[in-house]
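**Q** Required output: the full structure, derived from the provided sequences and hints.
Number of protein chains: 2
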Amino acid sequence: MSDPKNIVKPRLPRGLADRGPAELAASERMLAKIRETYELYGFEAVETPAIEYTDALGKFLPDQDRPNEGVFSFQDDDEQWLSLRYDLTAPLARYVAENFDRLPKPYRSYRAGYVFRNEKPGPGRFRQFMQFDADTVGAASVAADAEICMMAADTLERLGIRRGDYVVKVNNRKVLDGVMEAIGLGGDENAGRRLTVLRALDKLDRLAWDGVQLLLGKGRKDDSGDFTKGADLTSKQIDDIKRFLEFAKRAADAYYPDAFRTIGTEAADVPYQHIKDGFSFLGTNQLLEAGLDEIADIHRYCAAAGYGADRISIDPSVVRGLEYYTGPVFEAELTFGVTDEKGQPVRFGSVGGGGRYDGLVGRFRSEPVPATGFSIGVSRLFAALKLIDSPIVSAGAQRGPVVVLVMDRDRLGHYQAMVAKLREAGVRAELYLGSAGMKAQMKYADRRNAPCVVIQGSDEHARGEVQIKDLIEGSRAASGIQSNEEWKAARPAQFSAPESELVKAVQDVLARHM
Amino acid sequence: MSDPKNIVKPRLPRGLADRGPAELAASERMLAKIRETYELYGFEAVETPAIEYTDALGKFLPDQDRPNEGVFSFQDDDEQWLSLRYDLTAPLARYVAENFDRLPKPYRSYRAGYVFRNEKPGPGRFRQFMQFDADTVGAASVAADAEICMMAADTLERLGIRRGDYVVKVNNRKVLDGVMEAIGLGGDENAGRRLTVLRALDKLDRLAWDGVQLLLGKGRKDDSGDFTKGADLTSKQIDDIKRFLEFAKRAADAYYPDAFRTIGTEAADVPYQHIKDGFSFLGTNQLLEAGLDEIADIHRYCAAAGYGADRISIDPSVVRGLEYYTGPVFEAELTFGVTDEKGQPVRFGSVGGGGRYDGLVGRFRSEPVPATGFSIGVSRLFAALKLIDSPIVSAGAQRGPVVVLVMDRDRLGHYQAMVAKLREAGVRAELYLGSAGMKAQMKYADRRNAPCVVIQGSDEHARGEVQIKDLIEGSRAASGIQSNEEWKAARPAQFSAPESELVKAVQDVLARHM
Chain R
1 MSDPKNIVKP
11 RLPRGLADRG
21 PAELAASERM
31 LAKIRETYEL
41 YGFEAVETPA
51 IEYTDALGKF
61 LPDQDRPNEG
71 VFSFQDDDEQ
81 WLSLRYDLTA
91 PLARYVAENF
101 DRLPKPYRSY
111 RAGYVFRNEK
121 PGPGRFRQFM
131 QFDADTVGAA
141 SVAADAEICM
151 MAADTLERLG
161 IRRGDYVVKV
171 NNRKVLDGVM
181 EAIGLGGDEN
191 AGRRLTVLRA
201 LDKLDRLAWD
211 GVQLLLGKGR
221 KDDSGDFTKG
231 ADLTSKQIDD
241 IKRFLEFAKR
251 AADAYYPDAF
261 RTIGTEAADV
271 PYQHIKDGFS
281 FLGTNQLLEA
291 GLDEIADIHR
301 YCAAAGYGAD
311 RISIDPSVVR
321 GLEYYTGPVF
331 EAELTFGVTD
341 EKGQPVRFGS
351 VGGGGRYDGL
361 VGRFRSEPVP
371 ATGFSIGVSR
381 LFAALKLIDS
391 PIVSAGAQRG
401 PVVVLVMDRD
411 RLGHYQAMVA
421 KLREAGVRAE
431 LYLGSAGMKA
441 QMKYADRRNA
451 PCVVIQGSDE
461 HARGEVQIKD
471 LIEGSRAASG
481 IQSNEEWKAA
491 RPAQFSAPES
501 ELVKAVQDVL
511 ARHM
Chain L
1 MSDPKNIVKP
11 RLPRGLADRG
21 PAELAASERM
31 LAKIRETYEL
41 YGFEAVETPA
51 IEYTDALGKF
61 LPDQDRPNEG
71 VFSFQDDDEQ
81 WLSLRYDLTA
91 PLARYVAENF
101 DRLPKPYRSY
111 RAGYVFRNEK
121 PGPGRFRQFM
131 QFDADTVGAA
141 SVAADAEICM
151 MAADTLERLG
161 IRRGDYVVKV
171 NNRKVLDGVM
181 EAIGLGGDEN
191 AGRRLTVLRA
201 LDKLDRLAWD
211 GVQLLLGKGR
221 KDDSGDFTKG
231 ADLTSKQIDD
241 IKRFLEFAKR
251 AADAYYPDAF
261 RTIGTEAADV
271 PYQHIKDGFS
281 FLGTNQLLEA
291 GLDEIADIHR
301 YCAAAGYGAD
311 RISIDPSVVR
321 GLEYYTGPVF
331 EAELTFGVTD
341 EKGQPVRFGS
351 VGGGGRYDGL
361 VGRFRSEPVP
371 ATGFSIGVSR
381 LFAALKLIDS
391 PIVSAGAQRG
401 PVVVLVMDRD
411 RLGHYQAMVA
421 KLREAGVRAE
431 LYLGSAGMKA
441 QMKYADRRNA
451 PCVVIQGSDE
461 HARGEVQIKD
471 LIEGSRAASG
481 IQSNEEWKAA
491 RPAQFSAPES
501 ELVKAVQDVL
511 ARHM
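If you read the sequences in order, they're chains R and L.
Each residue of the first sequence is one higher than the last, beginning at 1 in the numbering used here.
Each residue of the second sequence is one higher than the last, beginning at 1 in the numbering used here.
No lab work stands behind these hints, which were simulated from the structure alone.
You can't tell identical chains apart in this list, so a pair holds if it fits in one copy or across any two.
Mimicking DSS-like on lysine-lysine, the simulated pairs with C-alpha atoms at most 30 Å apart in a straight line are:
{"#": "1", "residue 1": "59", "residue 2": "120"}
{"#": "2", "residue 1": "229", "residue 2": "249"}
{"#": "3", "residue 1": "504", "residue 2": "421"}
{"#": "4", "residue 1": "504", "residue 2": "105"}
{"#": "5", "residue 1": "421", "residue 2": "33"}
{"#": "6", "residue 1": "59", "residue 2": "9"}
{"#": "7", "residue 1": "105", "residue 2": "421"}
{"#": "8", "residue 1": "386", "residue 2": "33"}
{"#": "9", "residue 1": "386", "residue 2": "105"}
The structure presented is a predicted model; accordingly, all values stated were derived computationally and were not measured.
**A** If you want it as structure tokens, here you go:
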């Protein structure tokens, strides 16, 4: 008991949440299914701690609206800066670099864990949330990227999301970088502006072209009046980007799906030269061509393995916010409709994404190390599965334990012995440990979702008996009974048993409701 | 690739560790077994985040050798202090207080999670480690404490620790507090000195009486020359504590085990008055008597449920370092011998502990809320299970995936299709994604612990065939073969199959090694 003046308010910081038993069980089933899919693809588990050296993580987060660029950081006793991980990719890069010689290469691994972002929390936006990642390190071939896309598709389907209700969208940073080079934004000196352009394009879904156009130019004032400075491109540069996006979208829609339909043939023959020709207004650009070649290859590998455009499709507007991507980028999107906060119908949107980050492990080494990966936003995916009522998350609450009631407080030890016998037989059981009377004990058993209670008052004790009350049957019977009197006369679903047969009697009740 | 000047060193801060697939799988099996036992006792899962308000956690850690009293803390953007949780009990108290009205009472819950201590790391001492807790909140009866002790014993046995190789030791803070009151250390003004005394007694195992005696008096200089200030008790006070410990130990050894042997009787009749008489040199003391009564009750409940002194025993030297305990305290100790860093035989020691903390939820409320709980130190217990070779942690490494080798790089899509077919049939399989030749690919498959590889060069392709190489059988056969020539002639464990029967051929190999 606290002095009223000193009472601490029990509360969580914003953007953090507790989770109860039903959500934990459902989430565990979901994670098990993801794990199973990743293992089917040959990935093996690895885990890194939540805390790393700040310099080992690097700074790759988009849109820092907080100090420390969105990362929780603190100083160690030797003055070195430590940070909570903000994703699972940067720690993996550190892990691979640290254990490079003893790991098989390519190194395929998966890991689930909490990450932390020191961002402004909002609806559905948490400061601690779980990611589930898979990465292939040491494979330069885009066959690795293609496989990651297929695995993303498989994962969603195994979780109960129907084909057609999702799409894994593929693009390539090299294409975007090539376009920027072509319009005069190449070179180290333009790195900052390139990033601003990428982040503007990343908002195409949300702001449409009109909004993005402003962010490519002078800047944009949002609904709240906040002004975001733009990339300050010329109108010719903005027009070229627009023209690129339009043609790329048309080409993706027209040609790649066609090619995807010729599934299983060795080289799904894309009318590929036509696409390259379409970009000729940008001049000859090696980066752009390399990017297009990689997209075509990914698409060819997917098609060969039977994954058509209904599952994996090319989308030139996919950017991904993180700075470290260097090649193919992916976004797993749920395409079914939901209503947003304003009641407007919208697509559910992204539940995961990833891409190739050939420079990230290289930060630690003198030679480059190619790598690609995919990250599932576990909470968002969980919310989606609840929305579509996937059996994986919607299974009913687990049945509670059998509750042994306490009728005579001086026989607590005796009741404890009954509970111990039930547990020895593998029956989940507990002694009522509070100090309330019979009625409150029954209410407690109801709240615990107990299948039955065991009652032994002094009369039953004298006769060497116990009463078993089947709460499931009882609540069913109760709905058909009119009066208290009728109830007392019938006492449905309650019966006596010799105490020596307690375990069997309880097991019989449990067997009724299997 | 990084500029050599800018290469970041890939390293983890001290006291933090990565975990690979074998350890993760073993640890998952261990956690599942603990979870199963806790659920058998009627506890339900709950999870709280890693970050809390610093004031909600409170400061209850022993032996702060770091700033922030052993806790990692940082300021939020509104200047409020946040901390990483240092245990799972303080967050539970916050959770229960925040959700008090909607939770069933007593509220039984369990949770596993990482906790963080900003302490000096050392061998086996980590700054991030996992705890697995179970707590009953809202039960004042020591029947709840007794049950926690039984559950601790059950958990250890279910994990493969034999009866006799562990003991759950029980004591009561009220007894210790009563002794201190009796020797003149009562009252708020002596709270600090009482804590110093408790922490000195907590070191009895490690320092023996000679060392503890110094900590009760002026202080003690350790081997490294560091001086720890003592509680500054008079020699009469120190003598009284010694006399108490001696008699309590004798009484516990002599009487409680006897009583434990009369298992299953309603009131295991302890020669109880004799024990109380033994403490009469301390005068009449209500706290001490209440503590002894509670110990006797716990002991009676355990005995009634069939848990004898071979599993749960009274030990007056058990203290527990955390400040928030108010009544019974427990310590789960492994009693089998191991050798310490100096090669000396020692007991393995504590793998968990807990106790009653009736004030902790009350920090948030105007009325007291009784509570008791138990916490397993997961990494220590894991180390113990490895030491005794418990089947739960010592199962062999999981078999790796089937690896499809890449012989013709221009047929990557075709190989990808083979892999997809295997996966569709539920066979864990992967395409070799690196750029190395045949020999390195075989070595890779070995390192991945692959059961077999699939090979299709251009000759096999022309014939519509695949080669399957059984690596398990192959390595067995290899040990009986003398020369390279003999090997090439026999080619053991390698066979051809039509490509159309790839899946069946691979499944046949897997079935051989089930």
